[in-house]
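Line by line, the protein sequences give chains L and Z.
Everything in the first sequence is counted per the working numbering, starting at 185 for the first residue and increasing by one.
Everything in the second sequence is counted per the working numbering, starting at 1251 for the first residue and increasing by one.
Simulated from the structure, these hints should not be mistaken for laboratory data.
Keep in mind it's a predicted model, so treat the numbers as computed, not measured.
Some clues are possibly wrong.
With beta-carbon atoms standing in for the labels, derived distance ranges [unchecked claim]:
hint, chain 1, residue 1, chain 2, residue 2, range
1, L, K364, Z, N1331, 30 to 38 Å
2, Z, N1271, L, K373, 53 to 61 Å
3, L, Q205, Z, E1382, 50 to 58 Å
4, Z, A1749, L, K202, 53 to 61 Å
5, L, N392, Z, D1480, 31 to 39 Å
6, L, N381, Z, E1282, 20 to 28 Å
7, Z, D1684, L, N335, 37 to 45 Å
8, Z, G1522, L, N381, 40 to 48 Å
9, L, Y398, Z, I1622, 30 to 38 Å
10, Z, E1538, L, I393, 28 to 36 Å
For every residue, glycine included, the Cβ atom is placed at its ideal position computed from N, Cα and C.
The lines below spell out each chain.
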Amino acid sequence: MKIDALELNFHQLNNKIKECQDEKIKIVNCCGHRYLASGSSSKIIEIEGVPGNALGCYLDGSEIFVNNNVQDATGDTMNDGGIYIYGMAGDATGYAMRGGEILIHGDIGYRAGIHMKEYQDKKPVIVVGGTAGSFLGEYQAGGIIVVLGLNCENKIPVGNFCGVGMHGGKIFLRSDVRPKNLSDKVVCKIADEGDLNDIKDIINKFCNIFNESYEQVMSKSFYVITPNSNSPYKQLYTMN
Amino acid sequence: MSLGYVYSEFEVVRDIQKCINCHICEKECANEVHSFSSKHKIMLADDTKCVNCHRCVEKCPVRALKIVKTNHAFRENGNWNENLIKQIFKQSQEGGVLLSSMGNPNKEPIYWDKILLNASQVTNPPIDPLREPMETKVFLGKKTDKIERDENNNIINNLSAGIELNTPIMFSAMSYGSVSYNTHMCLAKSAKELGICYNTGEGGLHKDLYEYGKNTIVQVASGRFGVHKDYLNAGVAIEIKMGQGAKPGIGGHLPGNKIVEDVSKTRMIPKGADAISPAPHHDIYSIEDLRQLIYSLKEATDYKKPILVKVAAVHNISAIASGIARSGADIIVIDGYRGGTGAAPTMIRDNVGIPIELALASVDQRLRDEGIRHKVSLVVGGSIRSSADVVKAIALGADAVYIGTAALLALGCHLCRSCQTGKCNWGIATQQPDLVKRLDTEIGTQRLINLINAWTHEIKEMMGGMGINSIEALKGNRLMLRGIGLNDRELSILGIKHAGE
Chain L
185 MKIDALELNF HQLNNKIKEC QDEKIKIVNC CGHRYLASGS SSKIIEIEGV
235 PGNALGCYLD GSEIFVNNNV QDATGDTMND GGIYIYGMAG DATGYAMRGG
285 EILIHGDIGY RAGIHMKEYQ DKKPVIVVGG TAGSFLGEYQ AGGIIVVLGL
335 NCENKIPVGN FCGVGMHGGK IFLRSDVRPK NLSDKVVCKI ADEGDLNDIK
385 DIINKFCNIF NESYEQVMSK SFYVITPNSN SPYKQLYTMN
Chain Z
1251 MSLGYVYSEF EVVRDIQKCI NCHICEKECA NEVHSFSSKH KIMLADDTKC
1301 VNCHRCVEKC PVRALKIVKT NHAFRENGNW NENLIKQIFK QSQEGGVLLS
1351 SMGNPNKEPI YWDKILLNAS QVTNPPIDPL REPMETKVFL GKKTDKIERD
1401 ENNNIINNLS AGIELNTPIM FSAMSYGSVS YNTHMCLAKS AKELGICYNT
1451 GEGGLHKDLY EYGKNTIVQV ASGRFGVHKD YLNAGVAIEI KMGQGAKPGI
1501 GGHLPGNKIV EDVSKTRMIP KGADAISPAP HHDIYSIEDL RQLIYSLKEA
1551 TDYKKPILVK VAAVHNISAI ASGIARSGAD IIVIDGYRGG TGAAPTMIRD
1601 NVGIPIELAL ASVDQRLRDE GIRHKVSLVV GGSIRSSADV VKAIALGADA
1651 VYIGTAALLA LGCHLCRSCQ TGKCNWGIAT QQPDLVKRLD TEIGTQRLIN
1701 LINAWTHEIK EMMGGMGINS IEALKGNRLM LRGIGLNDRE LSILGIKHAG
1751 E
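With the rest of the complex left out, here is chain L (with noise of 0.2 Å):
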């Protein structure tokens, strides 16, 4: 089904989406509309435009192509499914999700997979095409985030204050240059086979929905930030 948004707001692009039995969904004149597909389940949507902020917000199970860039809270506590942007991403793309992946071509702003967590057979993903902004996966406490810096060969991808309060998951940053202010509570190492291996799959369907060639993005080597389990929380209190 061909839904066009030109004339539609927010909540009635949103009910004709919950309202439409096809699995097959095709937006077009997509125009900022906030909470697209917000806790939908077994859709396949295809937006033409930008979507607004909170796209896919507690997703469960859908999957979203956009053809161009999407604004803040994409995938907001997002539990299952995948987000597929071509162009960039805007602040807290993948707050709090839980399971699923997210993958965006292009650049991404702040705060990016902060409190991503996983839990069970849940592991959430966040792949970054080109740069990530300061504050990238604060607070993770579980999933994985790659970075990939495609449009940035000799720069770090990545701004401020990466991985701070980190206290889980994995965070990947392809780069020749080691991220810097990184806080101690984080451990920072070139990726091994080991960790790589973790990464490959998705970044082979990167790479293919993406139209990107797999040998380039794996030629360069990987940082890999991972939390300190020598400095733990805790010891910071004294009971009273």
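Here the structure of chain L is known, so what remains is to put chain Z in place on it, guided by the hints.
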């Protein structure tokens, strides 16, 4: 050097003539205070481990035990009190942030105690609630701007989703993890029986408790623990937790050792992993951002659930509340600085935020002044200690109240303020199976029902005395209140006259 030693706060007094060496005290104490001396054939006590929770005292079959505050004292000092001295000893020993639990215990002004209620004499008749109808039912949520009628002149129901309560009292948010499974079960069962709501807190909802959905408010906090589509749709309303009275501006941290199997399942995080709630919602830096979260939740639940936004009472609370009222929230929850907690940094708990009485009065007034009071309901907590506090809160402008500590006291909490240790001898603030089972869910449920029924009757009696027969007529009725021992500024913020005026 033995500078680390601090004399114990309490002394366990055992009447050796009564003691029968039955070892029950030893078994009952998770803090391992009691032990048996096989050499002297008597029970001994290590006072330094005692938290004064009264578990052993109540379980002793021969009433041989009592706990007393030690008379061992520092030299008297009006500036450096004993607590301050001990805190410095502890911190200089361990170097950590002081961590406390339950509400601020300091002697701060309690405005509830400085407000008096009215009663009818001569000019209008009091009402006897035992013999005359009296309405305590309240509806929380947005009220409409105008009444609409259809072609037959019947009123069209144009109300948005709300919460119906038989009495204006709810159990405030306490997460599964900070409190036990049995505690949640008692809260859920009694809420159902009473026709009120309990609140899951930010730790998700146990699968066994989904059946109490009609009496459940599910919470969404910065950590988003256990938040998924079914959870959002499970309750009767969704509460966004922005802050908490005991620790405004502070996140939460449930240590990995409390994330046992079941807690892990409801929070949807791995067993043994730390559960950290960041201080802010990282997607909310403005009222507009808050509006976004509210509407994302409404979209995900088809506008069937009212959204509560909970904030701590802080300095600019009336401006904040005005913003929340305009953000699309249906209910604003304000938590005062004496509110309880499972664990909070002592300095934050005791020094940050403002009293709920003042916050409530100023928020209600501000929303009225701006003509938007009907767009939201107001719920207050932290701390409501009696039915008189409930009546005063409603007369100051609240639609309903949240109680946390009072509910836990009904379940057996003795306010020893040691929740943060996770060794609650009463089975409330613990995840140890042997301790959890001490809280009998049937007895606990009944005790909560008794408490709320008793308070409801008292509320009716106080209302009846004022000649008021419905909660709606009491709401914001500040003429029913008078201050005692309050200065002009306090009276003007509370919007009440002094006694005698």
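* Outcome for the supplied range 31 to 39 Å, where the beta carbon pair is L/N392 and Z/D1480 -> Distance hint for L/N392, Z/D1480 holds at roughly 32 Å.
* Outcome of range test on Cβ distance (L/Y398, Z/I1622; 30 to 38 Å) -> violated, 57 Å
* Asked: Measuring from beta carbon to beta carbon, are Z/A1749 and L/K202 in 53 to 61 Å?
  -> holds, 58 Å
* **CB-CB spacing for L/I393 and Z/E1538 relative to the 28 to 36 Å hint** => 33 Å Cβ-Cβ, so the 28 to 36 Å window holds.
* **Verdict for L/N381, Z/E1282 (Cβ pair) under range 20 to 28 Å** => violated, 47 Å
* **30 to 38 Å as the expected CB spacing between Z/N1331 and L/K364, which holds or is violated** => violated, 47 Å
* Confirm or reject the claim that Z/G1522 and L/N381 have a C-beta distance inside 40 to 48 Å. => Violated - the Cβ-Cβ distance for Z/G1522 and L/N381, about 24 Å, lies outside 40 to 48 Å.
* **Outcome of range test on Cβ distance (L/Q205, Z/E1382; 50 to 58 Å)** => Between L/Q205 and Z/E1382, where Cβ atoms are some 56 Å apart, the hint holds.
* Z/N1271 versus L/K373 beta-carbon gap, inside 53 to 61 Å or not -> holds, 59 Å
* Asked: If you check the beta carbons of Z/D1684 and L/N335, does the distance land in 37 to 45 Å?
  -> Hint violated: Cβ distance 58 Å, outside 37 to 45 Å.
Violated hints, listed in ascending order, are 1, 6, 7, 8, 9; each of the other numbered hints is respected by the structure.
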